[in-house]
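Student: Chain by chain, the residues run as shown.
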Amino acid sequence: MSRSTWSRSAATLAAVALATTACGTTAGDDEQDTAAASGPVSGLRVMVPNSPGSGYDQTARAATKAMEDAELAETVEVFNVAGAGGTVGLQRLVNEKGNGDLLMQMGLGVVGAEFTNKSQARLAETTPIAGLIEEAEVIVVPKDSPYTDLDALVEAWKADPGKLPVGGASNPGGPDHLTPMLLAEEVGLDPTTVNYVPYDGGGELLAGILGKKLAFAATGVSEVAEQAEAGEVKILAVTSEAPVEGVDAPTLKDEGIDLTFTNWRGLVAAPDVSEADRDKLIDLVTEMHDSPEWQEALETNGWTDAFMTGEEFETFLTSESERVQGVLSGLGLA
Amino acid sequence: MDALANLADGFATALTPVNLLFAVVGVLLGTMIGVLPGIGPAMAIALLLPVTYSLEATQAFIMFAGIYYGGMYGGSTTSILLNTPGESASVVTAIEGNQMAKRGRAAQALATAAIGSFIAGTIGTMLVVLLAPSIVGLAVQMGAPDYFAVMVLAFVAVTSVLGASRVRGFCSLLLGLVIGLVGIDQTTGQQRLTFGVPQLADGIDVVVVAVGLFALGEALWVAAHLRHTSAQVIPTGAARMGRADWRRSWGPWLRGTAIGFPFGAVPAGGAEIPTFLSYVLEKRLSKHPEEFGHGAIEGVAGPEATNNASAAGGLVPLLTLGLPVTATAAVLLAAFQQYGIQPGPLLLENEPELVWGLLASLLIGNAILLVLNLPLAPVWAKLLRIPRPYLYAGILFFASIGGYAANGSTVDLVLLLVFGVLGFVMRRYGLPVLPAIIGVILGPRAELQLRRALQISDGELSGLANTWFSISVYAVVALVVLLPVLLRVLQRRQRGAGPGDGTTSEAPERVLHSSSEGRL
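Residue numbers (numbering that gives the first Met the number 0), protein chains in the order written: chain A, 0 to 333; chain B, 0 to 519.
What the hints contain is simulated information worked out from the structure, not anything from laboratory work.
Backbone N, C-alpha and C fix where the C-beta goes; we use that ideal spot for every residue, glycine too.
Keep in mind that a hint or two might mislead.
[Unchecked claim] Computed Cβ-Cβ distance ranges for the label pairs, DEER-style:
(1) Gln324(A) / Ala11(B): 57 to 63 Å
(2) Val370(B) / Thr191(A): 57 to 63 Å
(3) Asp271(A) / Thr158(B): 57 to 63 Å
(4) Leu130(B) / Pro145(A): 50 to 56 Å
(5) Val177(B) / Ala158(A): 37 to 43 Å
(6) Phe194(B) / Gln324(A): 23 to 29 Å
(7) Pro291(A) / Lys381(B): 51 to 57 Å
Next up, chain A with everything else stripped away, as it sits in the complex:
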């Protein structure tokens, strides 16, 4: 949250600065001219590698809507190519080599699916454009759980991992599966002994926590924030770098565990797009990010801004990919 506050104030500052220069001189007009010369981008398509209504779908539709409303792009088409955790869409993107008018919405889940689905197409082949948002994962227990803090939980977990089933709303390779595995590694527990129980979506998982079927669960903060506020569940820790606004829980680092891990979403383009197309797409997404429409979308959806572009995003993708591969190969999944 702190990052989004920061960028919002930065945006305000920039707007104020622009306004001041526009009042004093004609510099503002020049800038507008160059913007008008390039004009709104047309013919852009955004592929969502899973079904309508999913998290990726919402992100892509919010982003394209912001592009259209801010008049950065004309009639962007969003389409869904669902299947195999996003790798069917990934294959499609890789087949579109050199297509500079196509973006694919993706995120941490696709990185994991690439390994668990033994995908022929690799994310490394694609052209990274931008990281958009992130969401902290949480370690959550039912109310009245005997584990009132993370230390107590970890201690019991290390003593008998089989007896402490941990739930998550993702299949192996997804964020909720990777979180307890990384946590286990960090506290010196063999990930293969973790008793991970996958659920179909956040709703079913939440029922498992509320019904006290699970010792604890790892899931996205938004899935349980409301229940935590109502006192139905207890969040023991968040996995992000900084504490999450509105969530009364320490970070893993505060608890002495050196692990930060968030679920993130971003955009990639087809392999081998020309430098000009790549820059065009990065500029477009950057302008979209700076638009008030996108900032509003972040707020209504409760998304945390995690904007980065080009090289920075590429480095991030590579390191995430290595990290995920490390965990999954230890479990025989990659």
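Dock chain B against chain A, hints included.
Tutor: Chain B in isolation, oriented as in the chain A frame:
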């Protein structure tokens, strides 16, 4: 009756002319989209979500309510008329519904589906209004052992739809179980029977299997025989439900509601299994079990009421806990979030106007659906007077659209053709189709719940029967299995004692009879 007063306020919100117009538009859009096979209410709402962006929250939800019920109803229309279920919850409807249509009773089938949906939807929504806060606590107590026990019960019930030949029935069921295995194993992440095709990694959509086996298989079968048999025109019977139809429908409507609602309200219940249980129950209770498989109206009335009641039940965990337990509820949740509303324990306190407005609009949407569709039923039924070559070409066309639309994947089209050929071959060799589809629906769920239960108990077998609910279900299972055997033994003894005494033989005969009936 605080809840009823709140509901009245909800009606005040929803019943303005403009809002009513949105409800009508929603119902029309939902029915139109729901008629396309492969697009269920969840997909319909997801696709139409952007249309409502510019509306204010109340109007958007009124429209959703219309789309929701319209989509549910549209799915059963194609099931009945074209043997092409629009979504997995109306697969069971196709069995008797299409047989009725073939006997010139399509209008009655559509009418009983519409009225049953209306009654179940209305009762279900009222139950949400009155009971939501009190039953939701019970619902989350349901865990994997309980669900698995229900699956065992469902598997036992399957034996009564295996058809005349048990061997063939079991072959068909096993075929379905194998099809259900395809995809990535959720627990371990390993691929099963995917043959390196990434599109198979998510498993095969039940709709694709059902449309392939039912609609395509039959179209091919008819095409193969049409040359040899003279084309008989499908008779068009009376346009309205007769007195006998009413008498035979109201029981299934109410029983269907009673079965469907609790399944919808529990987190892993869904709408498929209760429709199927309703079908089996109606078959057992019917005074005309011999009509099952040949167009028994109970077999349409029950399941159609069930799937609507289940849909209404799904609102309980969504509104009170923010738990989306069905695909449709998940999309509704996304819609809520678009308006910055977070369903959960605090929703009723924070947004009472919206919740009661939504419940009121569900009731209104339901009523509008009935008003629009009841007069249309005979019109729809006339579709079947299209000469058979054109009709079946149309079915193939719609089936293909459905196969493609479910996931937008060409691989599904190929699968659809494969299952069409399989359906043809199964008909040729007298294998009933229904057990295969039940296998596809039940198999993966039973496996998931079994493994989840064992995971949670860390491998202890006792973890499968450690709740009062699971134990009682197993007791029912034992009864269902043992009762016919017991009755048979008793009957034999009675015959030994006094052959003239036939007064008590009616009930066991019916049980035995129904288990040997029901060919597809």
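Student: All hints, please: hold or fail.
Tutor: Hint check results:
no.: 1; hint: Gln324(A) / Ala11(B): 57 to 63 Å; verdict: holds (58 Å)
no.: 2; hint: Val370(B) / Thr191(A): 57 to 63 Å; verdict: holds (60 Å)
no.: 3; hint: Asp271(A) / Thr158(B): 57 to 63 Å; verdict: holds (58 Å)
no.: 4; hint: Leu130(B) / Pro145(A): 50 to 56 Å; verdict: violated (32 Å)
no.: 5; hint: Val177(B) / Ala158(A): 37 to 43 Å; verdict: holds (41 Å)
no.: 6; hint: Phe194(B) / Gln324(A): 23 to 29 Å; verdict: holds (25 Å)
no.: 7; hint: Pro291(A) / Lys381(B): 51 to 57 Å; verdict: holds (54 Å)
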